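The primary structure of each chain is shown beneath.
There are 2 protein chains.
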Amino acid sequence: MKIVDVTAQPFTYRSQIARDSEGHSHPVPEYDATECLVEISTDEGISGYCFGGHPVGAIRQVVKPMLVGEDPFYREKLWQKVKQAQRGSREVLSDRLIGVVDQALWDLAGRALGQPVYKLLGGARDKVPAYASTMCGDEVAGGLNTPEAYGEFAAQCRAEGYTAFKLHTWMPPIPWAPDPKRDVAACRAVRERVGDEMALMLDCFHHYSREEALYIGKELEKLDYHWFEEPMDEHNVSSYVWLTEQLSIPVLGPETAEGQMFTRAEWIVRGASDMSRGGVGDVGGITPLMKTAHLCESFGVRMEVHGGGPGNLHALCAMGIPGEYYERGLLHPFLDYEQRTPWLNSIVDPMDEAGCVHVSQQPGLGWDINFDFIRANAVTAPPG
Amino acid sequence: MKIVDVTAQPFTYRSQIARDSEGHSHPVPEYDATECLVEISTDEGISGYCFGGHPVGAIRQVVKPMLVGEDPFYREKLWQKVKQAQRGSREVLSDRLIGVVDQALWDLAGRALGQPVYKLLGGARDKVPAYASTMCGDEVAGGLNTPEAYGEFAAQCRAEGYTAFKLHTWMPPIPWAPDPKRDVAACRAVRERVGDEMALMLDCFHHYSREEALYIGKELEKLDYHWFEEPMDEHNVSSYVWLTEQLSIPVLGPETAEGQMFTRAEWIVRGASDMSRGGVGDVGGITPLMKTAHLCESFGVRMEVHGGGPGNLHALCAMGIPGEYYERGLLHPFLDYEQRTPWLNSIVDPMDEAGCVHVSQQPGLGWDINFDFIRANAVTAPPG
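Chains as they are written, first to last, in this note's numbering: chain D, -9 to 374; chain S, -9 to 374.
Careful, some of the hints might be misleading.
To be verified - Partner residues aside, some chain D positions facing chain S, computed with beta carbon under 10 Å:
id : residue
1  : Ala8
2  : Leu68
3  : Leu95
4  : Trp96
5  : Gly104
6  : Ala114
7  : Asp116
8  : Pro119
9  : Val259
10 : Lys281
11 : Thr282
12 : Leu285
13 : Glu287
14 : Gly310
15 : Ile359
16 : Asn360
Claimed, not checked - If you anchor each label on the Cβ, the simulated ranges turn out as follows:
id : chain 1 : residue 1 : chain 2 : residue 2 : range
17 : D       : Phe361    : S       : Gln329    : 53 to 61 Å
18 : D       : Glu34     : S       : Val130    : 32 to 40 Å
19 : D       : Thr136    : S       : Ala75     : 15 to 23 Å
20 : D       : Val18     : S       : Gly78     : 52 to 60 Å
21 : S       : Val130    : D       : Val231    : 56 to 64 Å
22 : D       : Ser336    : S       : Gly290    : 38 to 46 Å
23 : S       : Thr(-3)   : D       : Gly290    : 31 to 39 Å
24 : S       : Ala344    : D       : Val82     : 36 to 44 Å
25 : S       : Glu235    : D       : Val82     : 36 to 44 Å
26 : D       : Val259    : S       : Ile337    : 37 to 45 Å
27 : S       : Ala344    : D       : Arg80     : 35 to 43 Å
28 : S       : Val58     : D       : Lys71     : 49 to 57 Å
Derived by calculation from the structure, the hints in this document are not laboratory data. What you are looking at is a predicted structure, and each value in this text was computed from that prediction instead of being measured. Glycine included, every Cβ here is placed at the ideal spot set by N, Cα and C.
Start from the sequences, fold in the hints, and give me the full structure.
Below is the structure:
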């Protein structure tokens, strides 16, 4: 089997989510947003798919020439090839982009063989407990504007089945944010509201000082929080070593730091966190995410998977170690999570009443793609 | 798909290889030896196979009850299950045995899906350079009885296509062995005989002192050897740290040390070797061998695969990092390597004129099993 084409088809859809000036997502009035379907097609008529793939020029001009003519089952060779090409082209070949390519290759293999990806990898389980992962705080009444609002939202998520809840708190460009004391107040309000019924985590402002991070961490310990995520710039590994030494609450990271499994290896050796972290978008696909999981397993270190979507879910279902939770979100009281992907006929991460997300048993990644929707909303103008 | 049976069928064959009192293989007059075929069968009529599986009682009484009723595609779950059961049952659930089970599960998946295992893993290449790996030294004229005999055998291997050659030298129970100076003499004789045409490696007596190992290593550096393997007991990690610090020749290990990928992780952190090592028999299958490769890749450490056979070959063809060589052997001037497996219609590791071994493109591990031979030579008496 040979790859004959790699395409990126942008399409519009009505969205209620947009990013603020600092890149954080919030609810907004409905508008036309853009998504992109990447398709890797073969001479045997079988294709693999993944959503994402921005900028589409990178797919068309950089990735396609690297893949056409190759055997799509040579995922390791192809991942190494695009990874090595990142060196001179990081501005287009981001880890997120090569992760989309790798996921499309896994989807293709699963479709070709009639198996869900997690079983190709070697299955470990078919469902994973999910945590409700909130959007960042805001200043909107009824939203996530007060500590008590987080508490109410946690209770609402508990009622929907979630057994765990993670706060993203207030961040710039909110003028008075960040505020360590207000972060702690929100964490306290959630614990007081839901009692011991939920595991709770905090992912706060990512650029706190050492002292601010230590203060928050100590307070989270008193509140019996489950983990503490990325309170400082992850490029300063020494600060994480310093923090991890002083806290008993598990510090989780690195998440957004560049360097794929190599960086996770260095963090383990340095003792820069208690639990490692990565998702298909952070490390560049399922292939390196499994490498990261295998690295962590070799050191007896837990790895929590960052972000949702089928690539992360299939990886979680093939890991021999926790990944304890699937990240479901980002959630907000104003938004219906299950209505966000009109380009799919069904969502990728259905949750049962016990708060567990079930992996698709369909071939590949289990995308249930609404091709009519994508055709009807295709952006035909040449994209940037 | 569910596993319905796990069987171990011993059978006899005529062999010219036997172990001495220290466990080292040598040529002997032909006699009846025993091999064992492990079969994992499913309710859909598809089976996976692997040879090995001693003692058969462990397969029948310990492994079978753990596997029957399980989905054979849940390799990660099943590997964790048998690995955890090792704790109280190491005397039967050796890493070699659980490696046979894991390989049979990979073979099953490949047969079920019509794909060679290395493509399920994600292919990186379809051939690997081989090194001729000798048996240990002996005292038989025409065998491996003198330094010059090693030199002649290396030249013969070069003529057959091999581009690399690894000596196993003289070991007990030979009364005067081991002898560091004679090991070095053999290494020198090989280098002088083949010149720069071959990469050369030494795997000598495994219980030398620090000083003996350092002496040999320094001499190998002068002879431009490619790596230096297991000259000391691998349980003494500090000795390997000491040796690796003082030698420029790459020290390779651990190989036979227990502890799967966990032990390799500790060696990397300790700096106990330059290159890591493992094979399906050492770490318990393809599943943990790939974990070990991913661990090593995360640290930029090379991993050379120990031993031959299709499990190791498929792993090598799915690794994104070297594995530079496939170990072909053990070889001896008296023996025809390709005649050793009469239970197969064709050998698992055919080598081309350039000295590269090609991975099978047949489904699964590519065993070309002669079931008639196995039936005709089946051992029906209850084994121990």
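Hints, verified against the model:
1. Because the closest C-beta pair between alanine 8 of chain D and chain S is about 37 Å apart, greater than 10 Å, the hint is violated.
2. Satisfaction of the interface hint for leucine 68 of chain D is found here, the shortest Cβ-Cβ separation to chain S being roughly 8 Å, below the 10 Å cut-off.
3. Of the supplied interface hints, the one on leucine 95 of chain D holds, with its beta-carbon coming within about 8 Å of a beta-carbon of chain S, less than 10 Å.
4. For tryptophan 96 of chain D, the suggested interface contact is upheld, since its CB lies about 8 Å from the closest CB of chain S, less than 10 Å.
5. Because the closest C-beta pair between glycine 104 of chain D and chain S is about 8 Å apart, less than 10 Å, the hint holds.
6. Given hint, alanine 114 of chain D at the interface with chain S, holds; its Cβ is 4 Å from that chain's nearest Cβ, closer than 10 Å.
7. For aspartate 116 of chain D, the suggested interface contact is upheld, since its CB lies about 9 Å from the closest CB of chain S, less than 10 Å.
8. This hint is violated: proline 119 of chain D has a C-beta 17 Å from the nearest C-beta of chain S, more than the 10 Å allowed.
9. Because the beta carbon of valine 259 of chain D sits about 6 Å from the nearest beta carbon in chain S, less than 10 Å, this interface hint is met.
10. The criterion of a C-beta within 10 Å of any C-beta in chain S is met by lysine 281 of chain D, whose closest approach is roughly 4 Å, and the hint holds.
11. This hint holds: threonine 282 of chain D has a C-beta 7 Å from the nearest C-beta of chain S, less than the 10 Å allowed.
12. Restraint check, leucine 285 of chain D versus chain S: the minimum CB separation of about 4 Å is within 10 Å; hint holds.
13. Taking 10 Å as the C-beta contact cut-off toward chain S, the hint placing glutamate 287 of chain D at the interface holds, the least distance being around 6 Å.
14. Given the 10 Å rule on beta carbons, the hint for glycine 310 of chain D holds: about 5 Å separates it from the nearest Cβ of chain S.
15. Checking isoleucine 359 of chain D against chain S by beta carbon gives a least distance of about 23 Å; that is not within 10 Å, so the hint is violated.
16. The beta carbon of asparagine 360 of chain D comes no nearer than 28 Å to any beta carbon in chain S, farther than 10 Å, and the hint placing it at the interface is violated.
17. One distance hint, 53 to 61 Å for the beta-carbon pair phenylalanine 361 of chain D and glutamine 329 of chain S, holds here, with the actual separation near 56 Å.
18. For glutamate 34 of chain D and valine 130 of chain S, the Cβ-Cβ distance of about 55 Å falls outside the hinted range of 32 to 40 Å, so the restraint is violated.
19. One distance hint, 15 to 23 Å for the beta-carbon pair threonine 136 of chain D and alanine 75 of chain S, is violated here, with the actual separation near 52 Å.
20. At about 58 Å, the beta-carbon gap between valine 18 of chain D and glycine 78 of chain S stays in the expected band of 52 to 60 Å.
21. Here the CB-CB span from valine 130 of chain S to valine 231 of chain D is close to 59 Å, well matched to the stated 56 to 64 Å.
22. At about 42 Å, the CB distance of serine 336 of chain D to glycine 290 of chain S agrees with the hint of 38 to 46 Å.
23. Our hint of 31 to 39 Å for threonine -3 of chain S and glycine 290 of chain D holds, since their Cβ atoms are close to 35 Å apart.
24. Evaluation of the 36 to 44 Å hint for alanine 344 of chain S and valine 82 of chain D yields a pass: the beta carbon distance comes to about 38 Å.
25. One distance hint, 36 to 44 Å for the beta-carbon pair glutamate 235 of chain S and valine 82 of chain D, holds here, with the actual separation near 43 Å.
26. At roughly 42 Å, the beta-carbon separation of valine 259 of chain D and isoleucine 337 of chain S lies within the given 37 to 45 Å, and the hint holds.
27. A hinted range of 35 to 43 Å holds for the C-beta pair alanine 344 of chain S and arginine 80 of chain D, which are about 37 Å apart.
28. Between valine 58 of chain S and lysine 71 of chain D the CB atoms are about 42 Å apart, so this pair departs from the stated range of 49 to 57 Å.
Of the numbered hints given earlier, the model fails hints 1, 8, 15, 16, 18, 19 and 28; all others are met.
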